[in-house]
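Protein chains: 2
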Amino acid sequence: MATDNMDAFFTPNSVAIVGASRNTKKIGHVVLRNFVTEFKGEIYPVNPNAQSILGMKCYPGVRDIPHEVDQVVICVHADYVPEIMRQCAEKHVKAVIIISGGFGEVGRHDLEEEVKKIAEDAGIRIIGPNCVGCFDAYSHVDSVFLPAYRLGRPPKGNISLISQSGALGGAMLDWAKMSNYGFSKFVSYGNALDVDEADLIEYLGKDRKTKLICVYLEGVKEGRKFLEVAREVTKKKPIIAIKGGVTEAGGRAVGSHTGSLAGSAKVYEAAFKQADIIQAKDLQEMLDFARTMINSMIPKGPRVQVITNGGGLGVLSTDAIEKDGLELAKMDEETVKKLKEKFPKYVVVANPIDLTGDADTQRYSDAIDAALNDDNVDIILIDILFQVPTLTSDIVEVISEKYNLQKKPILVCCLGGEYTVAHKKAMEQYKIPTFSYPESAVKAIKCLFEQSENLKD
Amino acid sequence: MATDNMDAFFTPNSVAIVGASRNTKKIGHVVLRNFVTEFKGEIYPVNPNAQSILGMKCYPGVRDIPHEVDQVVICVHADYVPEIMRQCAEKHVKAVIIISGGFGEVGRHDLEEEVKKIAEDAGIRIIGPNCVGCFDAYSHVDSVFLPAYRLGRPPKGNISLISQSGALGGAMLDWAKMSNYGFSKFVSYGNALDVDEADLIEYLGKDRKTKLICVYLEGVKEGRKFLEVAREVTKKKPIIAIKGGVTEAGGRAVGSHTGSLAGSAKVYEAAFKQADIIQAKDLQEMLDFARTMINSMIPKGPRVQVITNGGGLGVLSTDAIEKDGLELAKMDEETVKKLKEKFPKYVVVANPIDLTGDADTQRYSDAIDAALNDDNVDIILIDILFQVPTLTSDIVEVISEKYNLQKKPILVCCLGGEYTVAHKKAMEQYKIPTFSYPESAVKAIKCLFEQSENLKD
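Chains S and X, in that order, are what the protein sequence lines are.
With the working numbering applied, the first sequence has no gaps in its numbers, which climb one by one up to 457 at the end.
With the working numbering applied, the second sequence has no gaps in its numbers, which climb one by one up to 1457 at the end.
None of these hints come from the bench; they were simulated from the model.
The reader is advised that the hints may include incorrect statements.
Here are the computed distance ranges between Cβ atoms for each label pair [what the hints assert, rightly or not]:
1. S:Arg208 with X:Glu1334: 55 to 63 Å
2. S:Ser393 with X:Leu1372: 23 to 31 Å
3. S:Thr390 with X:Lys1057: 24 to 32 Å
4. S:Ser393 with X:Ser1400: 49 to 57 Å
5. X:Lys1300 with S:Ala148: 28 to 36 Å
6. S:Asn376 with X:Gly1223: 46 to 54 Å
7. X:Asp1369 with S:Tyr80: 36 to 44 Å
8. X:Ser1400 with S:Met178: 20 to 28 Å
Facing chain X, according to a computed beta carbon distance under 7 Å, are these residues of chain S, among others [unchecked claim]:
9. Pro147
10. Lys177
11. Val347
12. Glu418
13. Ala422
Glycine included, C-beta positions come from ideal geometry on N, C-alpha and C.
Go ahead and model the full structure; you've got the sequences and the hints to work with.
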């Protein structure tokens, strides 16, 4: 099979939707409407029982479309799929997304075999069956059959996500939209009849719009292939993975979900480590790691300088840094001396630097500059309690300017209510990685540092 | 000292604010304004250089107030505090909050001793110095000198928080306001010259409006007293604590923050365990545990039934349950049979119950009822992906009705963007504990279960 047919999943010139429907509750309707909204290529609805749908001419079958068709999205009952595949073969279709369920996952392996044979003979690549298909934020390919008011589509960016679970992957897309984190591609690959996790990782490894790959998987089809591919890709871009079904009970749940062989936690952990895949402990970590790594530069070392205006937040940050095996930076004596001269006597110039409760934006600015210019500091963690009245909102711009210098990774932690959240969001607009709790900020720092170690190997 | 004077911190009939100011940037102004806004008792501004502030008659000293004064809040320079304390003694003031810093934490132990002696002789209780004082959501005592637009005050409720770090505690209050979680009392006790963590826990243990106590501490003044008090209080209500400075480096940071002796992580862990104090791993856990425990009933056992409409979310929930040492419930054969009859064939009636991607509200309702009525289930974890179009918004009411029966703890996990968050917030209005990630929901379940074990002892 030609690997280049993979492009037809994400950047086709033309797409046919089989099972296109006027009924707004049908998957075939939602998928057609997704494409109509923003996709710039040709769109061909296919439905033998309709003349036109959404004002577009409708074709009785794929073979009746009098134009080239790069991609076909199939949203009809499993029993019809082999016949549609034969028509796709006739038309030299390159890529087929089979949304429909009713195949291997309910024991119809015969149907899967039949479809696979046709595809192999014709050189067609298949994603699915039993999946929600693909989303591409650039080309606006979008077979995710969940309506946009419930499942937001994220803006253009450089994170790609592949997920064995369509619903879970979709929920993560939706979260990314709310948080304004940019995506390149999303693929739910379902039963992986043809294209599997390894194929997708390989493809995304070469995709210039993808700079980081998130993976949710419950099982791996071909362990050796997966590891080989991942090992190559992680040399160029990070892969963050969650393995669902790492416990015995979780493994049983996987069995009734995607039918994958779950495999033990330890086997996966070792394999991920071997391939330099970052294993996230949970979904929150995966999302935290992804948004941090996509925007942050790689640190030169593990030495973190904490700058805070709340002693307690500094203490908790320090605890987290030590617990996670990072180091507290020790600034140069000269730096310390200069800062002490600048600040009131009660400011603690150590690690953490405790600017104390009456810190203003200037004091933060001076402390951050000092840390940026001190060679003993690799990473800067800024804790801010926005509750104190001396802090003006321009701290957002001040930090963003220093962040944009990209001299060292800067992460910000601010705990609080609505006033705090407003400022946190403002900083995120500038792509600064922000966190509500010091412990999650430090976990993200650890992930950044480990990535720097991976790249050294 | 009379313990009942402690009441004067929270429900005084009259309060004098020493250092009351017209200057909106001064602490003495913010504190006075806090009281003026909602406090129903008498308020006496004290400032020798003003005739009136905010339209209220101003007194040159505490001794010049021609009425009884229950509580005095001191916001002036440390050097003036002994003289003010002498006036408080003359006026038989019951409780004094010393906001001012400049005492033991900067080496002025002499000043602390002087103040302490006056207080002891006169039977005055002191909170502080070097603190933000008290907030009571019922009486509207509020010496927290941070403005409400930056630091929101939570509504009336039954969580109380004491924090050695004023800023950190304030940030948690602020978070609680945004999340609409109800509070009873908040105390930042600073240097703990007189009233310490043990006194406060003892007092809150008896406070009928407090049903759960959160504690952030960096050190304990008198270990034995603290443990004895905590052991008694946890028999009646849960205490959730975070110990800042559990690592060596964190301990050093504590030294320059509150000057406490940090003590080792293991010593505290053992002590907390002995006193049945729930130790939160981080701030997020403390807040998650508190909001769950305050609203949720105590489970009869560790057997969790997961109900989901997304296989992947079910798998991750199952993994978390097993990892955290809880049990997956095994529903009665009869229950399983009945549910299978009700549901389409492809619905997986096991644990998790996977209602699948086309689940509607009725299917959830049936599954929850079955779990509520099955004696093999102790706790119900409902995973909802709101992205699917079959789910109607009335699932919020349906779950809230079942939640209100208070037959078994029900927790909800829903991951997603704005549409999801809107429904999540709606459920929180009904006091249902909701989570964005299955792992944090399961951690809260574990906390509930451990509390049920504590109560059995």
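Against the structure, the hints:
no., hint, result
1, S:Arg208 with X:Glu1334: 55 to 63 Å, "holds, 58 Å"
2, S:Ser393 with X:Leu1372: 23 to 31 Å, "violated, 49 Å"
3, S:Thr390 with X:Lys1057: 24 to 32 Å, "holds, 31 Å"
4, S:Ser393 with X:Ser1400: 49 to 57 Å, "violated, 38 Å"
5, X:Lys1300 with S:Ala148: 28 to 36 Å, "violated, 43 Å"
6, S:Asn376 with X:Gly1223: 46 to 54 Å, "violated, 37 Å"
7, X:Asp1369 with S:Tyr80: 36 to 44 Å, "holds, 37 Å"
8, X:Ser1400 with S:Met178: 20 to 28 Å, "holds, 24 Å"
9, Pro147, "holds, 6 Å"
10, Lys177, "holds, 5 Å"
11, Val347, "violated, 10 Å"
12, Glu418, "holds, 5 Å"
13, Ala422, "violated, 10 Å"
The structure shown violates the earlier hints numbered 2, 4, 5, 6, 11 and 13.
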